[in-house]
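Chains R and L, in that order, are what the protein sequence lines are. According to our numbering, the stretch in the first sequence is residues 3 to 377, in order. According to our numbering, the stretch in the second sequence is residues 225 to 475, in order.
I should point out that these hints are in silico values taken from the structure, not numbers from a laboratory. These numbers come from a predicted model, not from an experiment. Glycine included, each C-beta is placed from N, C-alpha and C at the ideal position. Watch out, some of these pointers could steer you wrong.
To be verified - Sample of chain L residues with no beta-carbon within 12 Å of chain R, all distances over it, derived: (1) S326; (2) I456; (3) A472.
Said to hold, decoys possible - Restraint ranges, calculated between C-beta atoms of paired labels, are given here: (4) L:G257 x R:F321: 46 to 56 Å; (5) R:F164 x L:L304: 55 to 65 Å; (6) L:T307 x R:F164: 56 to 66 Å; (7) L:T307 x R:N56: 14 to 24 Å.
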Amino acid sequence: MAIATRAPGGEKETVRQKRERDQELLVWPDLVFIEFICAILFTVTFVMLSVLVNAPLLDRANSNITPNPSKAPWYLMNLQELLLHMDKGLAGVTVPTIALIVLMAIPYTDRSNDGQGTWFGTANAVKITIFSALYSSFVIPWAILWDDGAHVRIFREFPHAFGITGGKVKWIGDRNPFDSWGAPGEVLKGIWDFAFLKNRVAIRDEWHWSLRVPFQPGAGHHDGYLDWPKDFSQVPVPLNGTWLWFWGKPDWMPGWMAHVYWYDSDLNIPAIMAEFVVPIVATLFFIGLLLGIIWKLGWLHTVRDGWLAIFTGFIMFYFSLTIIGAAFRGRGQQLVPAPHVPNLDEDPGIMRQTSPHDDQHYGLYDPGSASASYA
Amino acid sequence: MSVSEQPKGPGLGDFIYDKLFHNYIWSSIFRSGYPNTPRNQMLAVATSVFLHLHPTRIHKTHVKITHTYCLGGLSFFMFLGLTVTGVMLMFYYVPSVDRAYSDVAALNTNVRFGMLIRNLHRWMAHAMVITVLLHMMRVFYMGAYKPPREFNWVVGVILLVLTLLLSFTGYLLPWDQLALWAITVGTNIAGSAPVLGGQVRFVLIGGFEVGPEALIRFYTLHVIGLPLLAAIFMSVHFWRIRRDGGLARPL
Chain R
3 MAIATRAPGG
13 EKETVRQKRE
23 RDQELLVWPD
33 LVFIEFICAI
43 LFTVTFVMLS
53 VLVNAPLLDR
63 ANSNITPNPS
73 KAPWYLMNLQ
83 ELLLHMDKGL
93 AGVTVPTIAL
103 IVLMAIPYTD
113 RSNDGQGTWF
123 GTANAVKITI
133 FSALYSSFVI
143 PWAILWDDGA
153 HVRIFREFPH
163 AFGITGGKVK
173 WIGDRNPFDS
183 WGAPGEVLKG
193 IWDFAFLKNR
203 VAIRDEWHWS
213 LRVPFQPGAG
223 HHDGYLDWPK
233 DFSQVPVPLN
243 GTWLWFWGKP
253 DWMPGWMAHV
263 YWYDSDLNIP
273 AIMAEFVVPI
283 VATLFFIGLL
293 LGIIWKLGWL
303 HTVRDGWLAI
313 FTGFIMFYFS
323 LTIIGAAFRG
333 RGQQLVPAPH
343 VPNLDEDPGI
353 MRQTSPHDDQ
363 HYGLYDPGSA
373 SASYA
Chain L
225 MSVSEQPKGP
235 GLGDFIYDKL
245 FHNYIWSSIF
255 RSGYPNTPRN
265 QMLAVATSVF
275 LHLHPTRIHK
285 THVKITHTYC
295 LGGLSFFMFL
305 GLTVTGVMLM
315 FYYVPSVDRA
325 YSDVAALNTN
335 VRFGMLIRNL
345 HRWMAHAMVI
355 TVLLHMMRVF
365 YMGAYKPPRE
375 FNWVVGVILL
385 VLTLLLSFTG
395 YLLPWDQLAL
405 WAITVGTNIA
415 GSAPVLGGQV
425 RFVLIGGFEV
435 GPEALIRFYT
445 LHVIGLPLLA
455 AIFMSVHFWR
465 IRRDGGLARP
475 L
């Protein structure tokens with residue numbers, strides 16, 4: 003049973019539940035006892051856990067010895083992982099801020115009461131959730147492996163490892179099928195290289211092409227060719243005072259304004275491509291693809307269905323990045339198999355604090371022992 | 225018809241029960257006996273300072289474990305447990321670079337049950353992050369954020385952030401290598417924000433690298449600033465559950 007009431011100031015009706023006394027239980031004892039038992043159960047569990055497993059305590063903090071790898075707390079390891087795949091500010095601040103704002107906006111976009119208070123709620127919710135979870139747990143590791151250039155390694159080494167070829171195979175992107183094609187061949191080679199990029203930063207570091215042009219925009223040496231990345235790495239920002247219209251450094255500006263004003267700044271287009279454009283486009287593409295597939299399957303009927311897919315994807319994103327960051331990033335944040343991730347105990351500079359014998363004074367009350375242990 | 229058995233008089237158990245629970249001191253604390261009628265049971269909830277956060281009656285679907293898995297309640301339980309163990313840890317811990325590490329080491333070795341309290345605090349802190357995340361997932365997959373509960377979902381997201389910040393600020397306090405470098409990595413992430421990143425990081429750790437200023441800032445935020453904020457938002461969160469008509473259930 004439901005009765006409709008008008009929310010204060012709202013145009014649409016919101017539905018509130020009618021109270022059905024015969025369907026109700028008394029909080030004492032029916033709820034209070036469940037809470038009590040739950041609290042006892044968890045107190046006992048945590049006391050037992052704490053007796054069995056000790057909290058870690060390593061060597062005293064020392065800013066001169068950097069552990070390799072240095073890792074954030076586990077719930078931020080996903081952000082640390084994200085830092086490896088896009089611009090630091092984008093990964094560390096912009097993405098989480100947007101994620102939180104979108105999270106908060108969910109109920110303001112999904113304003114229907116249908117299916118509230120039941121698990122999953124809509125007709126296709128379980129299918130969408132399972133599909134979205136499988137999709138993200140497939141896409142995310144592969145995207146990370148691609149960014150690490152794993153597909154190149156696999157291509158080069160697998161045939162050799164299985165005895166199909168004598169040695170390593172040359173990566174497709176390193177071949178040049180348009181060698182004898184002249185000028186159009188150079189263009190095609192550029193497209194070919196782009197299609198078989200080794201990873202995201204290869205756009206900035208390894209992708210090269212040059213195009214004969216009658217005149218050349220931008221700053222720097224004009225040689226009649228437009229070269230990537232050379233001619234694109236210092237593109238003046240419009241109105242930066244050193245390009246087309248010239249003016250001196252605006253000393254009259256107050257400090258904060260001068261801090262914000264882009265005087266004499268250049269854009270590094272290849273870096274922007276690698277650090278911003280590719281990650282953002284890829285993220286939006288994979289979200290759009292997920293929604294598109296669900297729509298094609300005929301499962302997407304309500305706003306809630308869309309949010310179910312995106313939220314599930316977000317949760318999988320959070321957990322898979324955490325797991326990859328925690329279990330598959332070794333020294334120098336290299337992607338390695340889980341058993342090769344160094345334990346902090348193995349680092350000669352960092353030792354786990356071990357309990358001394360009972361007869362030994364420790365730390366606080368014995369300066370001699372303290373200086374000896376912490377040296 | 226003759227009566228062969230006499231009714232039994234009060235035994236020793238009844239005598240002890242009577243002395244324990246029907247005396248002046250007990251009844252000064254608990255004004256009535258065990259609430260054994262529906263009316264008294266509702267009064268017990270409504271008139272107790274600890275229980276009156278609850279309504280007196282709830283819909284029968286809400287006591288099913290699979291409806292909530294107790295996740296919100298467990299998060300609050302972890303918060304309470306962390307407050308108790310945290311206060312105990314504060315007796316022994318001085319947030320200065322000279323003392324912090326040796327105080328924690330002394331907790332492990334010199335203080336009776338110090339290791340247990342520290343372990344409890346650490347594991348419950350991890351557990352709270354997990355239960356809060358799971359609670360959010362439960363609320364989402366149950367559609368419990370839908371009107372009229374929109375704002376309580378927003379408060380919940382704020383509480384999630386506060387939980388992460390509480391855990392993050394506590395991470396530095398043992399002042400060991402794990403703490404220092406995890407916080408260095410974490411605050412570097414904050415420092416990478418566009419335009420204001422450097423300033424944010426400077427305010428956060430009180431300098432250019434994680435040092436004594438960062439320790440006292442994190443400590444103050446960890447033991448008073450953030451718990452106070454969390455308590456305020458939790459009060460709103462719990463209050464709004466009742467204002468919005470209790471837990472979500474099918475229409």
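Query - Unsatisfied constraints (hint numbers, rising) - result: The structure breaks hints 1 and 3; every other hint is satisfied.
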